[in-house]
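> Sequence:
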Amino acid sequence: MLAKRSEVSEGEVVEQKNLDQAKKLAEEEHSSMMSAKPKVFKKGGKQRCGKGFSGEELKKAGLSFKDALRFGIPVDFKRRTAHEENVEAIKAFLESAKAKGKRKGKSKS
1 MLAKRSEVSE
11 GEVVEQKNLD
21 QAKKLAEEEH
31 SSMMSAKPKV
41 FKKGGKQRCG
51 KGFSGEELKK
61 AGLSFKDALR
71 FGIPVDFKRR
81 TAHEENVEAI
91 KAFLESAKAK
101 GKRKGKSKS
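Everything in the sequence shown is counted per this note's numbering, starting at 1 for the first residue and increasing by one.
If you're looking for bench data, these hints aren't it; they were derived computationally from the structure. Where a beta carbon is used, it is the ideal one built from N, C-alpha and C, also for glycine.
Computed list of lysine to any residue pairs in SDA-like fashion (alpha-carbon distance at most 20 Å, straight line):
no.: 1; residue 1: Lys51; residue 2: Phe65
no.: 2; residue 1: Lys46; residue 2: Arg79
no.: 3; residue 1: Lys37; residue 2: Cys49
no.: 4; residue 1: Lys51; residue 2: Phe77
no.: 5; residue 1: Lys39; residue 2: Lys78
no.: 6; residue 1: Lys37; residue 2: Thr81
no.: 7; residue 1: Lys91; residue 2: Gly62
no.: 8; residue 1: Lys37; residue 2: Lys78
no.: 9; residue 1: Lys46; residue 2: Glu85
no.: 10; residue 1: Lys66; residue 2: Arg79
no.: 11; residue 1: Lys59; residue 2: Phe71
no.: 12; residue 1: Lys42; residue 2: Gly52
Here are the simulated distance ranges between beta carbons:
no.: 13; residue 1: Ser96; residue 2: Gln21; range: 25 to 31 Å
no.: 14; residue 1: Glu12; residue 2: Lys91; range: 41 to 47 Å
no.: 15; residue 1: Glu12; residue 2: Gly45; range: 41 to 47 Å
no.: 16; residue 1: Leu19; residue 2: Lys91; range: 32 to 38 Å
no.: 17; residue 1: Glu95; residue 2: Lys42; range: 26 to 32 Å
My request is simple: use the sequences and hints to build the entire structure.
Following this line, the structure appears as C-alpha coordinates:
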(Lines of atoms letter the chains of each structure in order from A and count residues from 1; the text may use other names and numbers.)
(Lines give C-alpha, C1' and ligand atoms only; values in the text may rest on other atoms or scores of the structure.)
Protein backbone atom coordinates (compact mmCIF):
# COMPACT_ATOMS: atom_id res chain seq x y z
CA MET A 1 0.00 0.00 0.00
CA LEU A 2 1.24 3.50 -0.77
CA ALA A 3 2.01 5.94 2.00
CA LYS A 4 -0.12 9.06 2.15
CA ARG A 5 1.45 12.14 0.67
CA SER A 6 1.39 15.36 2.59
CA GLU A 7 -0.90 18.09 1.42
CA VAL A 8 2.02 20.02 -0.10
CA SER A 9 3.44 18.57 -3.32
CA GLU A 10 7.15 18.15 -3.97
CA GLY A 11 7.07 20.81 -6.68
CA GLU A 12 5.73 23.40 -4.23
CA VAL A 13 8.46 22.53 -1.71
CA VAL A 14 11.19 22.91 -4.34
CA GLU A 15 9.65 26.17 -5.55
CA GLN A 16 9.60 27.55 -1.99
CA LYS A 17 13.27 26.59 -1.48
CA ASN A 18 14.19 28.38 -4.71
CA LEU A 19 12.32 31.49 -3.61
CA ASP A 20 14.09 31.45 -0.25
CA GLN A 21 17.48 31.14 -1.95
CA ALA A 22 16.64 33.97 -4.34
CA LYS A 23 15.62 36.24 -1.45
CA LYS A 24 18.83 35.42 0.41
CA LEU A 25 20.96 36.22 -2.66
CA ALA A 26 19.06 39.45 -3.26
CA GLU A 27 19.69 40.57 0.33
CA GLU A 28 23.41 39.79 0.00
CA GLU A 29 23.65 41.70 -3.28
CA HIS A 30 21.76 44.61 -1.80
CA SER A 31 24.18 44.84 1.10
CA SER A 32 27.22 44.81 -1.18
CA MET A 33 28.31 47.31 -3.82
CA MET A 34 26.00 45.80 -6.39
CA SER A 35 23.24 47.96 -4.94
CA ALA A 36 24.93 50.97 -6.55
CA LYS A 37 24.80 49.98 -10.18
CA PRO A 38 25.98 52.38 -12.88
CA LYS A 39 23.42 54.03 -15.11
CA VAL A 40 23.90 53.95 -18.88
CA PHE A 41 21.87 56.10 -21.24
CA LYS A 42 20.54 54.73 -24.52
CA LYS A 43 20.03 56.75 -27.69
CA GLY A 44 16.36 57.38 -27.02
CA GLY A 45 17.19 58.97 -23.66
CA LYS A 46 16.18 55.90 -21.72
CA GLN A 47 18.27 54.60 -18.83
CA ARG A 48 19.38 51.09 -18.06
CA CYS A 49 21.75 49.51 -15.57
CA GLY A 50 25.28 49.10 -16.87
CA LYS A 51 27.78 46.31 -16.30
CA GLY A 52 30.24 48.53 -14.49
CA PHE A 53 31.65 52.01 -14.05
CA SER A 54 33.87 53.50 -16.76
CA GLY A 55 37.49 54.51 -16.31
CA GLU A 56 36.61 58.19 -16.64
CA GLU A 57 34.03 57.92 -13.86
CA LEU A 58 36.57 56.23 -11.62
CA LYS A 59 39.16 58.95 -12.34
CA LYS A 60 36.69 61.71 -11.51
CA ALA A 61 35.89 59.96 -8.24
CA GLY A 62 39.60 59.61 -7.47
CA LEU A 63 39.95 55.84 -7.84
CA SER A 64 42.18 53.62 -9.92
CA PHE A 65 41.04 50.41 -11.57
CA LYS A 66 42.84 48.33 -8.97
CA ASP A 67 41.33 50.22 -6.07
CA ALA A 68 37.85 49.89 -7.56
CA LEU A 69 38.25 46.14 -7.96
CA ARG A 70 39.66 45.89 -4.43
CA PHE A 71 36.55 47.64 -3.07
CA GLY A 72 34.29 45.37 -5.12
CA ILE A 73 33.12 48.12 -7.46
CA PRO A 74 32.18 46.71 -10.88
CA VAL A 75 34.34 48.07 -13.71
CA ASP A 76 33.44 48.07 -17.41
CA PHE A 77 36.66 48.43 -19.40
CA LYS A 78 34.80 48.97 -22.69
CA ARG A 79 32.88 52.07 -21.59
CA ARG A 80 34.43 55.51 -22.11
CA THR A 81 31.59 57.83 -21.15
CA ALA A 82 31.39 59.58 -17.80
CA HIS A 83 28.02 60.38 -16.24
CA GLU A 84 27.83 62.60 -13.17
CA GLU A 85 25.21 60.34 -11.56
CA ASN A 86 27.69 57.47 -11.61
CA VAL A 87 30.51 59.60 -10.20
CA GLU A 88 28.24 60.64 -7.33
CA ALA A 89 27.28 56.98 -6.74
CA ILE A 90 30.96 56.01 -6.48
CA LYS A 91 31.69 58.86 -4.06
CA ALA A 92 28.69 57.93 -1.91
CA PHE A 93 29.85 54.32 -1.81
CA LEU A 94 33.36 55.36 -0.77
CA GLU A 95 31.95 57.48 2.06
CA SER A 96 29.84 54.59 3.32
CA ALA A 97 32.76 52.16 2.97
CA LYS A 98 35.01 54.47 4.98
CA ALA A 99 32.36 54.80 7.68
CA LYS A 100 31.97 51.00 7.88
CA GLY A 101 35.71 50.40 7.72
CA LYS A 102 36.61 52.57 10.69
CA ARG A 103 37.12 50.28 13.63
CA LYS A 104 38.86 50.81 16.90
CA GLY A 105 42.33 49.34 16.81
CA LYS A 106 43.72 47.18 19.54
CA SER A 107 45.62 49.06 22.17
CA LYS A 108 49.25 48.08 22.32
CA SER A 109 49.69 48.67 26.04
